[in-house]
Structures are given as structure tokens and as C-alpha cells.
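The residues making up each chain are set out below.
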Amino acid sequence: MLKIEDLHVYYGGIHALKGITMEVPENKIVTLVGANGAGKSTTLRAISSLVQPTQGKITFHGEDITKTKTADIVKKGITLVPEGRRIFANLTVLENINMGAFARNDKDGIKKDIQRIYEMFPRLKEREWQAAGTLSGGEQQMLAIGRALMSRPAVLMMDEPSLGLAPLLVKEVFRIIKEIYSQGMTILLIEQNATAALQVADYGYVLETGNIVLQGPGKELAANDEVKRAYLGKA
Amino acid sequence: MDSRQNIKRLLTLGLILLSCLVLFFAQGFLSSFNIRILNLAAIFVILGASMNLVLGFTGMFSLGHAGFMCVGAYVSAILTMSPASKELIYYMEPIIPPLANVHWPVFPAIVMAGVVAAFFGFLIGFPALRLRDDYLAIATLGFGEIIRIIVTNTITITNGSLGLKDIPSIKSLWIYWGFAIATIWILKQLINSSWGYAFKAIRDNEIAAEAMGIDVFKHKLLSFTVGAFFAGLAGALMGHLITSVDPTMFRFLFTFQILLIIVLGGLGSLTGSVIAGVVVTVSMEFLRFVEQPINLFGLIIPGIPGMRMVIFSLLLLMVILFYRQGLMGTREFNWDWILDKLGVARRKERGVA
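Protein sequences, first through last, are from chains A and B.
Numbering follows my numbering, with no gaps: position 62 of the first sequence is 62.
Numbering follows my numbering, with no gaps: position 167 of the second sequence is 167.
Simulated from the structure, these hints should not be mistaken for laboratory data.
The structure presented is a predicted model; accordingly, all values stated were derived computationally and were not measured.
Hints may contain errors.
[As the list claims (entries may be wrong)] Cβ-Cβ distance ranges computed for the label pairs, FRET-style:
(1) B/149 / A/164: 35 to 43 Å
(2) A/11 / B/126: 22 to 30 Å
(3) A/61 / B/342: 54 to 62 Å
(4) B/342 / A/36: 50 to 58 Å
(5) A/26 / B/331: 41 to 49 Å
(6) B/218 / A/167: 53 to 61 Å
Each residue gets a CB set at the ideal place from its N, CA and C atoms; glycine is no exception.
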């Protein structure tokens with residue numbers, strides 16, 4: 001339902017994305033893997049309209065959203081969990097979760113969704129009134145995911161959710177991703193942890209310096225030597 | 001509702017009555033010099049709170065506050081001066097015709113001053129708010145100075161560097177503190193609304209705020225414009241307090257005095273701005289003795305003008321070194337805290353069912 005065709009993004013003189021074409025079908029986990037600077041985050045930022053592509057087209061349910069403003073893209077149902085958690089440190093956990101529902105107006109629905117998030121992340125409930133900046137890294141990542149879910153997205157885009165977390169917590173994050181997916185969410189996942197990401201993904205794309213060099217079903221890619229080469233960035 | 005809610009309501013009512021009583025007696029018994037200081041404190045409370053909205057709550061490092069005050073002071077002065085005194089004061093070049101005969105009552109003129117300042121805030125914010133951090137500070141500082149220079153040179157409107165005199169004087173504590181309390185109330189409502197939460201989200205993390213679907217630019221512009229409105233209001237009141245204005249009053253150093261107040265009080269706390277606004281203004285007057293020659297056990301220190309600012313600089317240094325959050329941090333005054341301290345039982349309300 002989310003389609004990207006021939007997407008080019010420049011940062012000043014740097015050609016960060018050199019014509020990417022990919023698709024995220026409904027109710028699937030799609031992952032983008034690749035080394036640092038391959039253009040993974042840029043792809044997500046372009047979908048969210050946080051950066052403007054110079055060329056190419058992004059469509060959602062057939063509708064062109066290339067030039068739509070970020071706020072409207074969230075309303076349409078595409079939400080980004082930004083890299084590095086980026087919670088609102090001085091707001092309480094509950095206020096953070098409420099901010100996720102900023103684009104919504106249905107009070108009762110929001111209340112229900114908060115309860116749902118608390119069921120999914122009991123730790124957040126325990127810390128409801130605490131300033132979010134005092135949470136541990138893992139809890140902050142849970143909060144960032146919970147906050148994004150509050151906008152009731154149709155597509156959840158996650159930018160390196162396992163970044164900087166202990167191995168045990170990385171496992172926990174992937175468990176949550178699978179859980180969200182099993183509830184019927186479409187997920188676009190970016191990971192440096194390529195093996196883990198490809199294990200959960202239905203379909204994967206391997207990015208190398210702004211180009212898609214490989215694609216295929218997740219498990220197939222995980223077994224591919226070529227992937228390891230691209231991921232490690234060896235020539 | 002539970003008893004706690006009722007107690008809080010009673011306490012709030014009590015506090016309002018008490019402040020009215022204090023104002024009433026202060027108006028009746030204090031010397032006009034002391035009343036003047038309290039009025040100045042009210043103006044600094046408005047300035048502190050409005051700059052805190054921009055800097056403390058929305059995280060925009062803007063230094064254009066003095067410029068907006070300048071706009072407000074001139075608008076209110078020109079609107080309220082009598083046509084006769086305008087003819088006298090604009091002796092270099094007469095004031096342009098449409099403004100020569102306007103003679104508004106004070107109250108609408110002060111509100112108009114805020115509106116015009118807000119309009120300037122909007123105009124300046126539109127290009128400037130695309131910048132952030134230090135760059136925004138430099139740009140707004142520049143715009144503030146530009147306003148002052150325009151005021152100095154549009155002689156047929158502002159009388160240029162000669163300034164304006166004979167502005168209708170307001171002496172009543174009620175008016176200054178009335179405006180101050182109204183400002184605090186409006187800002188508190190704004191901060192606790194969904195706009196306010198958006199401001200705080202932008203302050204904490206702009207990218208995440210944008211990713212949550214908050215229109216960052218629109219909210220920044222709103223916060224900046226509201227801040228400019230209240231700066232204009234405070235500028236107008238300043239004009240009516242001193243009864244004269246001239247462009248040199250609103251140099252950018254003035255902005256740093258407001259910055260001092262909000263840093264001491266706590267970035268992101270209205271309560272802090274109110275307390276620090278009053279304390280700084282009042283001590284600014286009562287510390288005048290340090291500028292007099294002092295005979296300290298035979299050691300004679302000659303009077304040094306500017307010693308007061310040294311004391312404030314030291315205070316600021318101490319706060320930055322040892323108490324970085326300022327007096328209140330991001331906390332606000334609230335009855336719950338006081339009731340907890342007093343040991344009034346709290347209903348188990350936080351376990352939301």
C-alpha cells in the first residue's frame with residue numbers, strides 16, 4: 001500500500017538516495033538493511049516529508065504523498081519512530097503518550113488506546129508520572145514505540161529501534177515488533193542488526209550507498225552471503 | 001468531587017481575596033515611591049512570563065523582547081497623548097495628520113499596543129523562526145535593534161530620538177497587577193492546553209514533535225506572537241509608569257535583564273518568573289545602597305555606580321554553577337504540594353481505573 005518509485009534525495013551536494021524503488025504491502029514487515037550512510041534513515045525521512053526528495057514519487061493507497069506535509073502524513077496513517085528514541089525528556093510518560101495522539105480528536109478512543117499501550121508495556125504504567133528523561137534506554141524505546149502507536153498508524157516506520165540497547169533488550173524490542181505485527185500492523189523497519197531484522201521480516205531490501213543492491217523474502221536474504229558483504233560494506 | 005478538590009478551590013479563592021487585600025492596603029499605606037517599585041515589578045513579571053513562554057516553554061532562544069516592548073510603548077503613548085501635548089512635543093517635525101488627533105482611553109490603547117507588537121512579532125517570526133538556537137538569537141537580536149532604529153528615524157510618527165513625554169500617567173497598583181495577573185492566567189491556560197503541550201514537545205525534541213504530526217513552524221510562530229503581544233503590553237505599561245519614552249530605553253541590554261529573571265526563576269516555570277520578577281525588581285531598588293560610599297569599619301569604599309549589576313552577575317554565576325535549574329526548574333506552584341506537606345490525606349486518585 002506504500003509505494004516508492006525512483007526516489008532521489010540530495011543533502012546539499014551529496015546524493016544520498018540514487019533512485020530507490022520499493023513497496024510495503026499491507027500487513028507485512030518490510031525491512032531496509034545496510035551499513036551506515038547507505039540511505040536507510042533518509043528513505044524514512046523522505047516518506048515522512050522531513051526531507052524533500054528532488055525526484056521520484058511516494059504513493060500511499062494510490063494517493064501521491066510526496067509533497068504532503070508531515071502533520072498530514074501522520075493523519076493519513078504513516079508514523080515514524082525516529083532514530084535514537086527522541087522522547088520528550090521533560091514531559092511525563094503519560095504526557096509523552098498523549099503527544100502521540102496529537103493529530104487525533106476522539107477522547108474515548110485515546111483513553112482506550114492508552115490502556116492498550118499500558119497492557120503492552122506494563123513498565124510504562126508503573127512510571128506514568130515520571131519525567132520521561134529519567135527512564136532507562138530500553139524503557140525510552142518502549143515509550144517511543146508506544147507514543148507512535150497512539151497515532152493509530154496504518155504503517156509504523158521504525159528507525160533503528162534496537163540502537164544502543166543491551167542484547168536482552170534488543171530481543172525484547174523484536175518481540176514487541178512481532179506482537180504489533182500480529183495485531184495487524186504494517187511495519188517498515190530499519191536496522192543495522194541485519195540478521196535479526198531479516199529474521200522477522202517478510203521482505204527485505206539491502207541498501208548500499210543510496211542504491212538497492214538486493215531484495216527478496218527476509219529469510220532468503222538472511223542466508224545470502226551477498227547480504228553480509230553489502231551490510232559490512234566490503235568492496 | 002472529593003474533598004481535596006474543594007479544599008483547593010477554597011484555597012485559590014482565599015489567595016485571590018488575600019492578594020486583593022494586600023493590594024488594597026499597599027495602595028492605601030505605601031509611599032508613592034514603593035508603589036512605583038511594585039508597579040515596575042508587575043511589568044517585569046509580565047515580561048518574564050512572556051519571555052519564558054518563548055524561551056522556557058517553546059525552547060526558542062529569542063532576544064527580541066526589548067524591540068517588541070518598544071513597539072508597545074510607542075503605540076500606547078501615541079494613542080493616549082492629548083492632541084494639544086502632541087503639538088507641543090513634536091516641535092521638530094509635526095506628527096502625521098491621522099495620528100495627530102487620536103486620543104484613546106488608556107485601557108484599549110494598552111491592548112492595542114499588545115496587538116501591534118504581536119503583529120510585528122508575526123512579521124519578524126515568519127522569516128526568523130526558520131532558524132534555531134544561536135542563529136535565532138542573533139537574528140532576533142538584530143530585528144529588535146532594527147525596530148529601535150526605525151523608531152529613531154521615523155520622526156513624523158515617533159518624534160525620533162527626542163522621545164515622547166506627557167504620556168497619561170497610571171499610578172494605581174490595581175491596573176499593573178491586574179494586567180500581570182491576567183497575563184499569568186492566560187499564559188497558564190495556554191501552557192496547559194494542547195498548544196502548550198505542543199510547545200513543550202517542540203522544546204524537548206523538535207524532530208520527534210514533527211514526527212508526531214505537530215506543525216512545528218505554526219506552533220513556534222504562535223508562541224512567538226503571543227510572547228510579542230505581552231511584551232508590547234508590558235512596554236505600554238512601562239510608558240504609562242514613567243510617562244515618557246525614548247528609543248534608548250529599549251536597547252538589547254534590557255532583554256538580558258528579562259533573561260536574568262527567567263534564568264533565576266527557572267526556564268519553563270511561570271511561578272519562577274513571577275517570584276524572580278518581583279525579587280529582582282525590588283532588590284534592584286533596595287540594593288542602591290551598595291552604590292553609595294560605604295564606611296566599613298574604617299575602610300572607606302567610594303560609591304561605584306553599577307555595583308548593583310555586579311551583585312546580580314555574581315548571583316547569576318552562583319545559580320549557573322550550583323543551581324542550574326534556577327529557583328523552580330520546570331515546576332509550578334501547586335496546592336497539592338502544599339497539602340502533601342501539611343499532611344492532608346490524598347485520595348488514591350492516580351491509579352486510573
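Going down the list of hints, with the structure as the test:
Between residue 149 of chain B and residue 164 of chain A the beta carbon distance is about 50 Å. The supplied range of 35 to 43 Å is therefore violated. Range check, residue 11 of chain A to residue 126 of chain B: about 25 Å between beta-carbon atoms, so the 22 to 30 Å window is met. For the pair residue 61 of chain A and residue 342 of chain B, the beta carbons lie near 58 Å from each other, so the given range of 54 to 62 Å is met. Distance hint check for residue 342 of chain B and residue 36 of chain A: the Cβ-Cβ separation is about 56 Å, which falls inside the suggested range of 50 to 58 Å.
The beta-carbon spacing between residue 26 of chain A and residue 331 of chain B, approximately 46 Å, falls within the hinted interval of 41 to 49 Å. Taken as a hint, the range 53 to 61 Å is violated for the pair residue 218 of chain B and residue 167 of chain A, whose Cβ atoms sit roughly 42 Å apart.
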